[in-house]
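Colleague: Chains as they are written, first to last, in our numbering: chain A, 115 to 366; chain B, 115 to 366.
Hints in this document: simulated from the structure, not taken from any laboratory.
Watch out, some of these pointers could steer you wrong.
Stated by the list, open to error - Taking beta-carbon pairs under 8 Å as the criterion, some of the chain A residues facing chain B (in silico):
no., residue
1, Arg240
2, Thr241
3, Ala244
4, Ala245
5, Ser271
6, His274
7, Ile344
8, Glu347
9, Leu351
10, Asn352
11, Ala354
12, Val355
13, Gly358
14, Val365
Said to hold, decoys possible - Negatives, chain B to chain A, calculated, CB over 12 Å:
no., residue
15, Leu119
16, Gln124
17, Leu186
18, Ser194
Virtual Cβ for every residue (Gly too), placed ideally from N, Cα, C.
2 protein chains.
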Amino acid sequence: MEKILSMKNQKVKQWKKLQTAKGRKEAGVYLIEGTHLLKEAIKAEAQIQDVIMTETFYQQSDLQLADEQIILVSPEILASLAQTETPQGVVAVVRIPGTTPVLDYKGKYILLDQVQDPGNVGTIIRTADAAGYAGVFLGEGSVDFYNDKVLRSMQGSHFHLAVHRGDLQQLIPELKRNGIPVYGTELNEAAVDYRTVSPTEAVAVVLGNEGNGVSKEILALTDLNLYIPIFGEAESLNVAVAAGILLYHFVG
Amino acid sequence: MEKILSMKNQKVKQWKKLQTAKGRKEAGVYLIEGTHLLKEAIKAEAQIQDVIMTETFYQQSDLQLADEQIILVSPEILASLAQTETPQGVVAVVRIPGTTPVLDYKGKYILLDQVQDPGNVGTIIRTADAAGYAGVFLGEGSVDFYNDKVLRSMQGSHFHLAVHRGDLQQLIPELKRNGIPVYGTELNEAAVDYRTVSPTEAVAVVLGNEGNGVSKEILALTDLNLYIPIFGEAESLNVAVAAGILLYHFVG
Numbered sequence: 115m116e117k118i119l120s121m122k123n124q125k126v127k128q129w130k131k132l133q134t135a136k137g138r139k140e141a142g143v144y145l146i147e148g149t150h151l152l153k154e155a156i157k158a159e160a161q162i163q164d165v166i167m168t169e170t171f172y173q174q175s176d177l178q179l180a181d182e183q184i185i186l187v188s189p190e191i192l193a194s195l196a197q198t199e200t201p202q203g204v205v206a207v208v209r210i211p212g213t214t215p216v217l218d219y220k221g222k223y224i225l226l227d228q229v230q231d232p233g234n235v236g237t238i239i240r241t242a243d244a245a246g247y248a249g250v251f252l253g254e255g256s257v258d259f260y261n262d263k264v265l266r267s268m269q270g271s272h273f274h275l276a277v278h279r280g281d282l283q284q285l286i287p288e289l290k291r292n293g294i295p296v297y298g299t300e301l302n303e304a305a306v307d308y309r310t311v312s313p314t315e316a317v318a319v320v321l322g323n324e325g326n327g328v329s330k331e332i333l334a335l336t337d338l339n340l341y342i343p344i345f346g347e348a349e350s351l352n353v354a355v356a357a358g359i360l361l362y363h364f365v366g
Numbered sequence: 115m116e117k118i119l120s121m122k123n124q125k126v127k128q129w130k131k132l133q134t135a136k137g138r139k140e141a142g143v144y145l146i147e148g149t150h151l152l153k154e155a156i157k158a159e160a161q162i163q164d165v166i167m168t169e170t171f172y173q174q175s176d177l178q179l180a181d182e183q184i185i186l187v188s189p190e191i192l193a194s195l196a197q198t199e200t201p202q203g204v205v206a207v208v209r210i211p212g213t214t215p216v217l218d219y220k221g222k223y224i225l226l227d228q229v230q231d232p233g234n235v236g237t238i239i240r241t242a243d244a245a246g247y248a249g250v251f252l253g254e255g256s257v258d259f260y261n262d263k264v265l266r267s268m269q270g271s272h273f274h275l276a277v278h279r280g281d282l283q284q285l286i287p288e289l290k291r292n293g294i295p296v297y298g299t300e301l302n303e304a305a306v307d308y309r310t311v312s313p314t315e316a317v318a319v320v321l322g323n324e325g326n327g328v329s330k331e332i333l334a335l336t337d338l339n340l341y342i343p344i345f346g347e348a349e350s351l352n353v354a355v356a357a358g359i360l361l362y363h364f365v366g
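With the rest of the complex left out, here is chain A (with noise of 0.2 Å):
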């Protein structure tokens, strides 16, 4: 079992570059953390590189792992990698799924459109796997996906659905000649109220951009666009809580 105990350490230097997106981008790896996460890493057989954990920790620990795969380090490095006030003393390197999942065209799936706010991605993402959908698309301009408050929101859902990247104006006329209906999701009433929709088997859900909504190059490609109604003065809802009501009422 490896110990580091200084703060210059090469290893440390390189997992701290892990917490911005160009370093997980070049590395090929993200970091996790906390014990949920990691149990959740391990159970979806996920390639973990290192795992990073305090002496206490490892005392306490009844997480099933090889001495080989385990780094102990002194608090302060651990608190350095840590993204939480008060971290549970464990942190992994985990690698970035190198090939993209077959997408067989079955089930229901949610596209992001320029979704900003990690907790909202995350949310929304942790939703759709309660829900059992079987992926999401990011589309560019999404918040990046291994962000740590987005792997905070979604509470190891990544592990549980397909993931997927790529153009939407690409995909989406993809999905419509496989017969997946496309709905986009618009904040007027120009709209179709979500409720006269009946759920479907296999359905493809937009959700956009906090300020801006879906694009209008989005909207014009989709089948149809729903709106959820309002019904007091609120302006809007949430994008997080406006998935939760659209994705649930596709299940049916």
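Add chain B to chain A, keeping to what the hints say.
Modeller: Structure of chain B alone, referenced to chain A:
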């Protein structure tokens, strides 16, 4: 128009105290930030005590305010009162309503049992507003309502909904006596699938703590406890997302 340029000014010191729950309680006022919330406060005829802005904001503002309401401050003072990273240049001191709104036992209500995260509380209240609910009850142990993060997530919905406070254990039997069905929410399948319960004109939905859910004492008092089925591998839903699904379900 008053002008304050020194951080040591007594008023600045008093305003800064409003950033804590204790300070707000003692003074009976709270701070709102930004144009949107200020406009909502004006529209709702809230008692606005001071409107504090920078000179730059004053020059560009289209707000209809009497000059004697306005206090001009330096950008440093404004930044010290604002809680966002890039403040818009205006904050206001608003009176906390002294009287409790009348409860007419009509319409739809939400009850919050120890919901802790300010963003969740704010988002739930915004959703209740959007769904046309009549009011919200904050049980003891829920987060302080005039917290800046709650205010930011509510986006002014506390000006639209009746906000009640009190002991939910006293309130629930009262609601039931007045013919309002009270539904708790549970994370386990011992409860009833929400989809089997029909929407009704009047309803009260109880939402609980992020980690522990609705407390046992409360669950024992309700007419029925509901759960949202999980079809995938996520362990639970975010409480604000769960609220959105249930609140819109009861709209029908």
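Colleague: Would the stated hint for A:Val365 survive a check requiring a Cβ distance to chain B of less than 8 Å?
Modeller: holds, 7 Å
Colleague: Quick one, is the A:Ile344 hint okay against chain B at 8 Å, beta carbons?
Modeller: holds, 5 Å
Colleague: Was B:Gln124 rightly flagged as not at the interface, with every chain A Cβ beyond 12 Å?
Modeller: Its Cβ never comes within 12 Å of chain A, the nearest being 33 Å, so this holds.
Colleague: When you look at the beta carbon of B:Leu186, is every beta carbon of chain A farther off than 12 Å?
Modeller: holds, 29 Å
Colleague: Identify whether the interface hint at A:Leu351 stands, where standing means a beta carbon of chain B within less than 8 Å of its own.
Modeller: holds, 5 Å
Colleague: A closest beta-carbon separation below 8 Å is what the hint needs, so does A:Asn352 meet it against chain B?
Modeller: holds, 5 Å
Colleague: Under the criterion of a CB-CB separation shorter than 8 Å, is A:Val355 in contact with chain B as hinted?
Modeller: Because about 4 Å separates A:Val355 from the closest Cβ in chain B, which is inside the 8 Å limit, the hint holds.
Colleague: Given a cut of 8 Å on the nearest C-beta pair, is the interface hint for A:Ala245 held or broken against chain B?
Modeller: Interface hint status for A:Ala245: holds (6 Å vs cutoff 8 Å).
Colleague: Under 8 Å is the threshold here; is the Cβ of A:Thr241 close enough to any Cβ of chain B for the hint to stand?
Modeller: holds, 5 Å
Colleague: Can A:Glu347 be said to touch chain B, with a Cβ gap under 8 Å?
Modeller: holds, 4 Å
Colleague: For the restraint on A:Arg240, tell me whether the closest CB of chain B is nearer than 8 Å.
Modeller: This hint holds: A:Arg240 lies near chain B, its Cβ roughly 5 Å from the closest one there, short of 8 Å.
Colleague: Given a cut of 8 Å on the nearest C-beta pair, is the interface hint for A:His274 held or broken against chain B?
Modeller: holds, 4 Å
Comparing the model with each earlier hint shows no violations; every hint is respected.
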